[in-house]
Amino acid sequence: MRIAVLRPQVPFARGGAEIFTDRLVDELRARGHEADLVSVPFKWYPGTRVLTQAFLWRMLDLDEADGRKIDVVVATKFPSYLVRHADKRVWLVHQFRQAYELDGTPLGQFGDSPEERALRRKVQELDRVALREASRLFTTSRNVASRLEASTGLAAEVLPHPPQELDYRCQGYEDFVLSVNRLDRAKRIDLLIEAAARDSELEVVITGDGPDRERLERLASDRGLDGRARFTGRVTEAELADLYARCLAVYYAPVDEDYGMVPLEAFLSEKPVLTTTDAGGPLEVVSDHATGLVVTPEAEEIARALGWLREHRDEAASFGRAGHAIAREVTWDRAIGRLLA
Amino acid sequence: MRVAYFSPMPPEQTGIADYSALLVPALRERVDVTVVRRGARKPPRGTDVALYHVGNNPDAHAWIVDALRRAPGVVVLHDFVLHHLVAGMTVGRRDGHAYLDLMEREHGVVGRLLGHGVLDKRIPPLWESRPEDFPLPTFVLEHATGLIVHSRYVRDRARAAGFSGPISAVPHPAWPAPSVPRERAGDGVVVGCFGVVNSSKRVPELLRATAEVRREHPELTLLLVGSTSPGFDLDRRLQRLGLAEDGLARAGWVDEPRLWSLMAGSDVLVNLRHPTMGETSGSVIRGLSLGKPLVVSDVGWFAELPDDVALKVAPDDVEVETLTAALELLVARSDVREAMGAAAAELAGREHEVGRVAELYAAALENAAGGDAVSDAVLREVSEAAADVGISANTAEAREIARRLAEVELG
Numbered sequence: 009m010r011i012a013v014l015r016p017q018v019p020f021a022r023g024g025a026e027i028f029t030d031r032l033v034d035e036l037r038a039r040g041h042e043a044d045l046v047s048v049p050f051k052w053y054p055g056t057r058v059l060t061q062a063f064l065w066r067m068l069d070l071d072e073a074d075g076r077k078i079d080v081v082v083a084t085k086f087p088s089y090l091v092r093h094a095d096k097r098v099w100l101v102h103q104f105r106q107a108y109e110l111d112g113t114p115l116g117q118f119g120d121s122p123e124e125r126a127l128r129r130k131v132q133e134l135d136r137v138a139l140r141e142a143s144r145l146f147t148t149s150r151n152v153a154s155r156l157e158a159s160t161g162l163a164a165e166v167l168p169h170p171p172q173e174l175d176y177r178c179q180g181y182e183d184f185v186l187s188v189n190r191l192d193r194a195k196r197i198d199l200l201i202e203a204a205a206r207d208s209e210l211e212v213v214i215t216g217d218g219p220d221r222e223r224l225e226r227l228a229s230d231r232g233l234d235g236r237a238r239f240t241g242r243v244t245e246a247e248l249a250d251l252y253a254r255c256l257a258v259y260y261a262p263v264d265e266d267y268g269m270v271p272l273e274a275f276l277s278e279k280p281v282l283t284t285t286d287a288g289g290p291l292e293v294v295s296d297h298a299t300g301l302v303v304t305p306e307a308e309e310i311a312r313a314l315g316w317l318r319e320h321r322d323e324a325a326s327f328g329r330a331g332h333a334i335a336r337e338v339t340w341d342r343a344i345g346r347l348l349a
Numbered sequence: 051m052r053v054a055y056f057s058p059m060p061p062e063q064t065g066i067a068d069y070s071a072l073l074v075p076a077l078r079e080r081v082d083v084t085v086v087r088r089g090a091r092k093p094p095r096g097t098d099v100a101l102y103h104v105g106n107n108p109d110a111h112a113w114i115v116d117a118l119r120r121a122p123g124v125v126v127l128h129d130f131v132l133h134h135l136v137a138g139m140t141v142g143r144r145d146g147h148a149y150l151d152l153m154e155r156e157h158g159v160v161g162r163l164l165g166h167g168v169l170d171k172r173i174p175p176l177w178e179s180r181p182e183d184f185p186l187p188t189f190v191l192e193h194a195t196g197l198i199v200h201s202r203y204v205r206d207r208a209r210a211a212g213f214s215g216p217i218s219a220v221p222h223p224a225w226p227a228p229s230v231p232r233e234r235a236g237d238g239v240v241v242g243c244f245g246v247v248n249s250s251k252r253v254p255e256l257l258r259a260t261a262e263v264r265r266e267h268p269e270l271t272l273l274l275v276g277s278t279s280p281g282f283d284l285d286r287r288l289q290r291l292g293l294a295e296d297g298l299a300r301a302g303w304v305d306e307p308r309l310w311s312l313m314a315g316s317d318v319l320v321n322l323r324h325p326t327m328g329e330t331s332g333s334v335i336r337g338l339s340l341g342k343p344l345v346v347s348d349v350g351w352f353a354e355l356p357d358d359v360a361l362k363v364a365p366d367d368v369e370v371e372t373l374t375a376a377l378e379l380l381v382a383r384s385d386v387r388e389a390m391g392a393a394a395a396e397l398a399g400r401e402h403e404v405g406r407v408a409e410l411y412a413a414a415l416e417n418a419a420g421g422d423a424v425s426d427a428v429l430r431e432v433s434e435a436a437a438d439v440g441i442s443a444n445t446a447e448a449r450e451i452a453r454r455l456a457e458v459e460l461g
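For the protein sequence lines, the chains are A and B, in the order given.
To convert a position in the first sequence, counted from 1, into my numbering, add 8.
To convert a position in the second sequence, counted from 1, into my numbering, add 50.
Source of the hints: derived by calculation from the structure; they are not laboratory data.
In this text, all values refer to a predicted model and were calculated from it rather than measured experimentally.
The C-beta atom is built at its ideal place from N, Cα and C for all residues, glycine as well.
Some clues are possibly wrong.
Unchecked claim - Computed footprint of chain B on chain A, listed as stretches where at least three residues anywhere in the stretch have a Cβ under 8 Å from a Cβ of chain B:
#1 50-59
#2 63-77
#3 129-136
#4 278-287
With the rest of the complex left out, here is chain A (with noise of 0.2 Å):
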């Protein structure tokens, strides 16, 4: 088949989502299929200028490209689903999560103004209209699938994907905790550093970089972490999966994540998760005292939580296996067996 995968894209930024639609075109050339990314730049502001963009969508045609008939496109993100097809099959990663659950939050867009009011409102409608035109609807998780049926009242299949191909191993269970996170205040790496704060053997690892990096390193300083908060910035694929390896856990406590990769590639190194009890998506496959810990977000029951695993090596190695078992059944076969069916 021809098939178009859609990527909205803000220039200059790479997170989960533009790994998922790389992959996904590998994967679909490999077996046998002719795929392409289809790429629109993507910028939500200021004003109405998150409707025009998404807009541009609207306007391409996708039916055919060179003489030739595209089969099917794939729709990931907001607002690539836009776009109009006779085979539109949407892998809904997120919405535009400012209309929804984070507005009236630090994290939300909208004002308090009748005509931000309004801007918002018509966010929404595009969805509703935009998504119902869809001939299959997947989301990449139940999280995603829940809130998407909350807000637009459409049901959807969950259809989880596998993460980032690492060369994956357990090289045991040293005394460092890993956060693999971009650093932007959603995903809370403050909590784990004021954990480490009141746990003076706790040592942790942060990956990744983002516009919350400065004011991170500047707490860690300030709560005397030196030597025991290393901030590593990004990291080659190899460093990465050295340290999943190696580490004694993985914290990821995002505020309702979509689905979130970072805790199948811990399960895929046979690492338990420490996740929050409001993290969303996680939770999906992050459950207490199975394949991880699971604790209410304040940097007490972190840190209670991180020493519990420091002492019990053999419970999260177990933990850790356990998570493997999951995160092996997350198969790439079985994901795009399904989205072409």
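Given the coordinates of chain A, assemble chain B onto it according to the supplied hints.
Leaving out everything else, chain B in the frame of chain A:
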């Protein structure tokens, strides 16, 4: 966003006052609501959008429509037929000329002549005898910037009446079923009918069907709750059908706790009417919350209830026969009652949940207050970009852009 909320409120005893008492707390979680005191002439200063609850009762709604006519806003149209309201605000204020003008505007010279007949007391008041034929909605619609309605029926009638603004169809919110003792009106199956007892509620037909069903199922008790309309000869009808001695339980007006108790103690709820004024029914909504199987008339809002929740009886020449068959089924089959009741409770929790309804209200209000500004800004930016690359108005390219905008409701 600040919303001025015009509605009857408790302690006024109207269904819409009860409705607003339920809705306002949930709406306040989403927008800044000021409930306007009864009699206020216009919205308070700083209001972004005014919301007017309009029903057919002039005692409850005339002041609201007066305010609407001074400051247009979003109208919740609880009834489509507003003749009684219009009469109250014209004839009732000794302004017969206004009534005649409105009748002529909507129904031509014939309307004006009929209006004269009413004013001269040559024919019965149309708001009592034939309101459904002369609904007079324009008196309100012409001042509405948007509409909130509870049914596709009213939406379609408003469109047919020429209303071109935005219309949001929002379900009637459901009261959570209170925990009340079940008051049983009979030992066998109890069929409850709640509301004013009169012909438009199809009580004559219900009595005849009940008498018919009781031939095979004497265990059936019909419970009639509500005041009897003046002139409706209930007792004589009961005597004639043999229901006076046995098979009928009667209560007049009851307070809210007893209403719930009697409903909870009923096995089936019947809520019929013809003609419809486009209204909803608070009794039906309460019945959904209680998980009761329903029998309703196949008209207006009632016809839009899902089939697995309500059996529908068309008000045609076999109405009594259809109603008899519906009651026989529900009296004889407890499994059907249970399945329909479960579907009713599920519907109340899903469609009519007050938080969901409040969210739909908030969306309608926010769109009404700021939607035009957003649409204008989008169209301006798109048209400027098109003009920059040489696409001018009334070209095929411009038409395609317009079509695509309309597809996603941006144009």
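> Among the hints numbered above, which are violated by the structure, and what are their numbers in rising order?
Replying inline: 4
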